[in-house]
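With chain A fixed as given, assemble chain B onto it according to the hints.
Number of protein chains: 2
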Amino acid sequence: MSEVGASTPATAPPVGPEGDPPEIEGSVLAAPRSQLDEDDRLTPEFVSSVLDAVEDGDSERARDLVAPLHPADVADLLELTPSDRRAALAAALGDMVSAEVLSELNDYVRDDLIDALEPEQVAELAATLDTDDAVAIIEDMEDADQQAVLDAMGPEDRAAIESALAYPEESAGRLMQRDLVAVPQHMTVGQVIDYLRDSDNLTTDFWEIFVVDESHHPIGTCQLSWILTCPRGVSIGDVMKREQTLIPVDMDQEEVALRFQKYALISAAVVDASGRLVGMITVDDILHIVQQEAGEDILRLSGAGDGDINQPILLTVRTRLSWLVVNLGTAIFAASVVGLFQETIAKYVVLAVLMPIVSGMGGNAGTQTMAVAVRALATNQLTSSNTRRNIVRELRIALANGLVLGVLIGVATGLIYGNPDLGIVIALAMLINNLTAGLGGILVPVALEKAGVDPAVSSAVFVTTLTDVMGFFSFLGLATVWGL
Amino acid sequence: MSEVGASTPATAPPVGPEGDPPEIEGSVLAAPRSQLDEDDRLTPEFVSSVLDAVEDGDSERARDLVAPLHPADVADLLELTPSDRRAALAAALGDMVSAEVLSELNDYVRDDLIDALEPEQVAELAATLDTDDAVAIIEDMEDADQQAVLDAMGPEDRAAIESALAYPEESAGRLMQRDLVAVPQHMTVGQVIDYLRDSDNLTTDFWEIFVVDESHHPIGTCQLSWILTCPRGVSIGDVMKREQTLIPVDMDQEEVALRFQKYALISAAVVDASGRLVGMITVDDILHIVQQEAGEDILRLSGAGDGDINQPILLTVRTRLSWLVVNLGTAIFAASVVGLFQETIAKYVVLAVLMPIVSGMGGNAGTQTMAVAVRALATNQLTSSNTRRNIVRELRIALANGLVLGVLIGVATGLIYGNPDLGIVIALAMLINNLTAGLGGILVPVALEKAGVDPAVSSAVFVTTLTDVMGFFSFLGLATVWGL
Chain A
1 MSEVGASTPA TAPPVGPEGD PPEIEGSVLA APRSQLDEDD RLTPEFVSSV
51 LDAVEDGDSE RARDLVAPLH PADVADLLEL TPSDRRAALA AALGDMVSAE
101 VLSELNDYVR DDLIDALEPE QVAELAATLD TDDAVAIIED MEDADQQAVL
151 DAMGPEDRAA IESALAYPEE SAGRLMQRDL VAVPQHMTVG QVIDYLRDSD
201 NLTTDFWEIF VVDESHHPIG TCQLSWILTC PRGVSIGDVM KREQTLIPVD
251 MDQEEVALRF QKYALISAAV VDASGRLVGM ITVDDILHIV QQEAGEDILR
301 LSGAGDGDIN QPILLTVRTR LSWLVVNLGT AIFAASVVGL FQETIAKYVV
351 LAVLMPIVSG MGGNAGTQTM AVAVRALATN QLTSSNTRRN IVRELRIALA
401 NGLVLGVLIG VATGLIYGNP DLGIVIALAM LINNLTAGLG GILVPVALEK
451 AGVDPAVSSA VFVTTLTDVM GFFSFLGLAT VWGL
Chain B
1 MSEVGASTPA TAPPVGPEGD PPEIEGSVLA APRSQLDEDD RLTPEFVSSV
51 LDAVEDGDSE RARDLVAPLH PADVADLLEL TPSDRRAALA AALGDMVSAE
101 VLSELNDYVR DDLIDALEPE QVAELAATLD TDDAVAIIED MEDADQQAVL
151 DAMGPEDRAA IESALAYPEE SAGRLMQRDL VAVPQHMTVG QVIDYLRDSD
201 NLTTDFWEIF VVDESHHPIG TCQLSWILTC PRGVSIGDVM KREQTLIPVD
251 MDQEEVALRF QKYALISAAV VDASGRLVGM ITVDDILHIV QQEAGEDILR
301 LSGAGDGDIN QPILLTVRTR LSWLVVNLGT AIFAASVVGL FQETIAKYVV
351 LAVLMPIVSG MGGNAGTQTM AVAVRALATN QLTSSNTRRN IVRELRIALA
401 NGLVLGVLIG VATGLIYGNP DLGIVIALAM LINNLTAGLG GILVPVALEK
451 AGVDPAVSSA VFVTTLTDVM GFFSFLGLAT VWGL
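Quick note, the sequences are listed as chains A and B, same order. As numbered in UniProt numbering, residues 1 to 484 make up the first sequence, in order. As numbered in UniProt numbering, residues 1 to 484 make up the second sequence, in order.
One chain only, chain A, in its complex shape (with noise of 0.2 Å):
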C-alpha cells in the first residue's frame, strides 16, 4: 500500500510547482475566505452584512451568511457586534447560537446573552456541553439563576455541575471534565477497544486513556496511539506509561498551565486528595488560559485589570482609576521631594527642566528589569536558586546603561548650558537612578512573590516611585551641594 506513507517524502519542496497555487490561506474549509482576512479574524465587510441583515428583518440572510462559520467564529461574530445590536443578533440566529458557541464567547459578552435566556433554555444548552464547558457557562450567574438553571438540569448533569462549583474558582477542579475512560490494567488491548466500541456515552474527545486499581486510583497512562500500534493480546498494563504526571484537582489553573507546558502534557489525570481519578483536563483547555495568564502580567502591571475590551465600562473605570489614584498619591509625593528643593531651583531654573529627563529614564530602566523579573517569575526561570546571580547580573547590566547614560546627557548637558559641573551633576544623578532602578527593578518582584504577592499587580506602583524619588533627590540634591 504505497500511499499509506509514515511520513511525506523528505525532498516535498518547500514551494508548489509554477502556475497560480489554490487559495489554501484561511482554509478552514468550515469557513471560507470571504468571511475570514489571513488572520483568522471576520472581515469588516462580513460583519456589517450579518448587521445589516439583521437591521432590515432578514433573519434568513443572517442564518444563511453565519451557516458556514465555526461556532469559534459565530462567538467572534458576537463579541464583534456592538453591545446594544447583540440582543437583536442573537434572536435572529437562534439555535445557531449553540453552547459551543456560548463556551468560547468572552465572559461579559456571555453573561449578556444568557440573561435574555430562560433558565430552561440555558439548562438545555448546558446539558449539551462537557463539564468543564458547561461550568464555565454556569459559574458567572447570579446565585438565583444558577438555582433555576440547576433544577432545570437533568439529575446526572446537575449533580456533575454541582461538585464542579463545589471546587474554588481557576481551580482544576472547575477546569475538568468528568467524562473520561478508565480501564483495570489486566484488560488486554482488544478488550479495550471492544469495550471503546460498545460504548455509547463516550461524549467528549479523548486522547488518552487512563488506567485504574480498584479503589480507582491512576496506576498509568497510556495514549490512543499505542492502543492502536500494539497486538490484541496485549494487556493494557503492559503499554500504559506509569510515569504520569497527576493533577490535584484543588490546583490553581496557572500552576496546571505550568505544569501541561513543561511536561508536554496532552491531557492529564485530576485527583482528589485521597488519590482517586476525579476527572480528566485536556490540553485544549490549557491554551487559552496559557494565553490569558501570559498575557495578564503586561495588564496587570499597567493596571488595567483583566484589560478585557468587552468589560462593561463603568467596571473598566473603576479598576483604572483605583489605580491611578494610588499613582496620583505616590506621584504627590515624589513631587514633594522636589520641594524640597524649590530655593536650589528658583536660583537656577534649568535644574527644573532636567530633572524630568532623571526620574524619566531611570523609570525606564527600571521597567525593563522589571518586566523581565515578572516574567521569569511567572515562568518559573527566576528561582530561589538564581535569584542572587540574575540581582548581581541586573546591577551589572545597570551599570553598563547608567554609565554610557550618564556620560551622554553630561556631555550634552555640559555643553549646550557651558556649565560642567552641571554635566558632572547630571552624569552622577543618572548613575545613580540607574543602580537604583536595576536592583529595585528585581528585588520588588521579587520581594512581592516571596511575599505570596502577584508581583505583577503591585510591582510597577513601587519600582516608578523609586525612581521618580531618586531621580529627583539625586539630581537636585547633588546640585545643591555642588552650589550649582
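In short, the hints are calculated from the structure, not lab data. Be careful, since some hints might not be right.
Ranges of calculated distance between the beta carbons of each label pair, as one might list FRET restraints [unchecked claim]:
| # | chain 1 | residue 1 | chain 2 | residue 2 | range |
| --- | --- | --- | --- | --- | --- |
| 1 | A | Lys241 | B | Arg388 | 52 to 58 Å |
| 2 | B | Ser235 | A | Asp143 | 47 to 53 Å |
| 3 | A | Asp250 | B | Leu395 | 25 to 31 Å |
| 4 | B | Glu139 | A | Asp252 | 31 to 37 Å |
| 5 | A | Phe333 | B | Arg388 | 35 to 41 Å |
| 6 | B | Ile416 | A | Tyr417 | 29 to 35 Å |
| 7 | A | Pro82 | B | Gly190 | 50 to 56 Å |
| 8 | B | Ser322 | A | Glu118 | 56 to 62 Å |
| 9 | B | Lys241 | A | Asp95 | 39 to 45 Å |
| 10 | A | Leu415 | B | Glu38 | 56 to 62 Å |
| 11 | B | Glu169 | A | Asp95 | 44 to 50 Å |
| 12 | A | Arg396 | B | Pro168 | 32 to 38 Å |
| 13 | B | Glu139 | A | Glu118 | 55 to 61 Å |
| 14 | A | Thr43 | B | Phe333 | 36 to 42 Å |
All values derive from a computational prediction rather than experimental measurement. Even for Gly, the Cβ is constructed at its ideal location relative to N, Cα and C.
Only chain B this time, still in chain A's reference frame:
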C-alpha cells in the same frame, strides 16, 4: 465490567476521606517531592547538592541524583546552574543530557553546551529527535558547524532537516514534524489499525491521522478515538472529519498558535503552496509558543528585547541600552518643552514641583490604554470591525478618569498652596493630558499595527513622549496664559 466506567461517579467528593491524605501535590512519579517544590521548580537544596557532587568530582553521585528527573527538569537544572559551571555538570551527566533535554533547553544555554560537543555527537543526538526538535537544536548554530552536523547525519535525516531549514524562521515549516500517518480514504478502520500495528517506523506521538487523495492532498482528519470507537468494517472516509484546519507551511508561528487556540486543535496538517500534505504540527509544540508570544509583549513594551535571563550580558546591555538611548532623546525633547517656560517657573517655582504629577499621571493612564490595546490586537479581539467603537470607549474612560483625577489634584493643590487659580490650571491640565493619553494609548498601537509594525515594540516610546510633552505643555502653558 463495572470498573470500566466511562466517567467517574458524579458524586465524587471535592475532598477525600478523613485522615492525612497521601502527598500528591508534585506527584510526577518521575520526579518525586524531594527535588521539586509545589510549583514544579527544582529546590535550591537539590540543585546545590548536585553541583556539590560535581564539585567533588563525584559524577556517580550527581548521576544518581539526576537519574529520576524528567528531561524537562534536567533542562531546568542546567539552566539554574551558573554558566561557568554548566560544562562541568554536563560532562558529569554525560548521556543524561539527552536529545530530549537539549530540545527542552533555553536557546542560549543550549548553544553553550552544543558548542562544547563534536559535530558527530550533535548529529547523533539530533537523529533521535522529531524533525521539529532537531531543527530547533540545529537552526541556531553557526553555518559551518551546522554543515558539519548535517554532513555527519544519515541521508534521510539530513534531507528532512535541510528542507525544514529551507523554510523561514518561526514558520510552520520549522515547527512541523514530517513523520505522520496519512492514509487513503478507501481504507477501512480495520485496515488502518492493521497498518498501524504492522508499521514499526512511527517514531513520533500522534493524535490524529490524515486522509489524503492520490496526489497527497489532505481531504480529512480522523481522531484516533473515532477509529477506536468504530467497527473494523467502516471505511475511514466515513469516519474522518472533512472540515479541517490546514496550516500553510510558510505561516508565521504566532498565527499558527492563534489558529490552534481559536479552533482548539490537537494537531493540524501542514500543506505546501500546492496544497500537498508536507507535515504535521502538534499542540505540544504550540503551547510554549503561545506562552512566549503572549509574554513577549510585556518585554517588548518595556524595551527589554526578548528578556531572556540566560542571554549573554553584553547582548542584553546592547538591547536595553539602544532602547534607553531612544528614550533619552525623547526625554530631552520633552524637557525642551519645559525649557520654553523657564520664565514662568522662575516666577513661580511651585510649577516645577507640580509639573511631574501631570506628566507622570498621563504616562500611567496612557500605559493602561496601550497595554489593553496591544493585547487586544495580539489576540485578534481588536479588529477593523470594532476599532472605532473602542477608540470612543477609551475616550469616555479617559474623560471619566481625567475629571476625577483633575478634581482631586485641583482641590488639593488649591488648598495646599491657597491658590484657587493654580488648582484650576492643574485640574484642566490633568484632564487634557488624560484625554491625550487615552487617545494616544489606542491610536498609536492601532496605527503601528496597520503600518505592519509590531505595536508592542514601539508603542511605549510614542505614547509616553506624547503624555510627557502634553503634560508639561498644557500645565505650564495654561499657567503662563493664566498669568500665575
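Hint by hint, here is what the structure shows:
1. Lys241(A) <-> Arg388(B): 52 to 58 Å: About 53 Å separates the Cβ atoms of Lys241(A) and Arg388(B), which means 52 to 58 Å holds.
2. Ser235(B) <-> Asp143(A): 47 to 53 Å: Since the Cβ atoms of Ser235(B) and Asp143(A) sit about 51 Å apart, the hinted range of 47 to 53 Å holds.
3. Asp250(A) <-> Leu395(B): 25 to 31 Å: Violated, since Asp250(A) and Leu395(B) (Cβ atoms, about 43 Å apart) do not stay within the stated range.
4. Glu139(B) <-> Asp252(A): 31 to 37 Å: Holds - the Cβ-Cβ distance for Glu139(B) and Asp252(A), about 35 Å, lies within 31 to 37 Å.
5. Phe333(A) <-> Arg388(B): 35 to 41 Å: Holds: the Cβ-Cβ distance is about 39 Å, inside 35 to 41 Å.
6. Ile416(B) <-> Tyr417(A): 29 to 35 Å: holds (32 Å)
7. Pro82(A) <-> Gly190(B): 50 to 56 Å: The hinted range 50 to 56 Å holds for Pro82(A) and Gly190(B), with Cβ atoms some 54 Å apart.
8. Ser322(B) <-> Glu118(A): 56 to 62 Å: At 60 Å between Cβs, range holds.
9. Lys241(B) <-> Asp95(A): 39 to 45 Å: violated (21 Å)
10. Leu415(A) <-> Glu38(B): 56 to 62 Å: holds (57 Å)
11. Glu169(B) <-> Asp95(A): 44 to 50 Å: holds (45 Å)
12. Arg396(A) <-> Pro168(B): 32 to 38 Å: holds (35 Å)
13. Glu139(B) <-> Glu118(A): 55 to 61 Å: Between Glu139(B) and Glu118(A), where Cβ atoms are some 56 Å apart, the hint holds.
14. Thr43(A) <-> Phe333(B): 36 to 42 Å: holds (40 Å)
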